[in-house]
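> Sequence:
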Amino acid sequence: MADAAERPWISWCTSSTLFEEWMRLRAEGVRPAVVPAEQAVDAGYLTARGFKEVVRPE
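The sequence shown begins at 11 in this note's numbering and counts up one residue at a time.
Derived by calculation from the structure, the hints in this document are not laboratory data. We put the beta carbon where it would ideally sit given N, CA and C, even for glycine. It cannot be assumed that every hint is accurate.
Unchecked claim - Computed spacing ranges between beta-carbons, pair by pair:
1) Leu28 / Leu56: 29 to 39 Å
2) Ala37 / Lys62: 10 to 20 Å
3) Gly54 / Ser26: 17 to 27 Å
4) Ala50 / Glu30: 11 to 21 Å
5) Glu31 / Val51: 25 to 35 Å
6) Leu28 / Val51: 17 to 27 Å
7) Phe29 / Ala50: 15 to 25 Å
Just need the whole structure built from these sequences, with the hints factored in.
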């Protein structure tokens, strides 16, 4: 199994933070999606797929 250095997102992804943020957005009527961190900063990728905003769990 890879460690957190190989997968830096693992620290928050395994916690309830992602789930809680997802549910908060759904309650607001948003259709959230998950994208890899390296694509979350790629404006072309996001635009081509219709993303208007990137929200990162705190």
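> Give a verdict on every hint.
Now for the hints, and whether the structure bears them out:
1. Distance hint check: the CB atoms of Leu28 and Leu56 are about 18 Å apart, inconsistent with the given range 29 to 39 Å.
2. Judged by the Cβ atoms, the range 10 to 20 Å given for Ala37 and Lys62 holds: they are separated by roughly 18 Å.
3. Between Gly54 and Ser26 the CB atoms are about 32 Å apart, so this pair departs from the stated range of 17 to 27 Å.
4. Against the hinted window of 11 to 21 Å, the Cβ-Cβ separation of Ala50 and Glu30 comes to about 19 Å, which satisfies the hint.
5. Taking the beta carbon of each, Glu31 and Val51 are about 18 Å apart, not inside 25 to 35 Å as hinted.
6. Between Leu28 and Val51 the C-beta distance comes to about 18 Å, which sits within the given range of 17 to 27 Å.
7. Range check, Phe29 to Ala50: Cβ separation about 18 Å, and the 15 to 25 Å hint holds.
The structure shown violates the earlier hints numbered 1, 3, 5.
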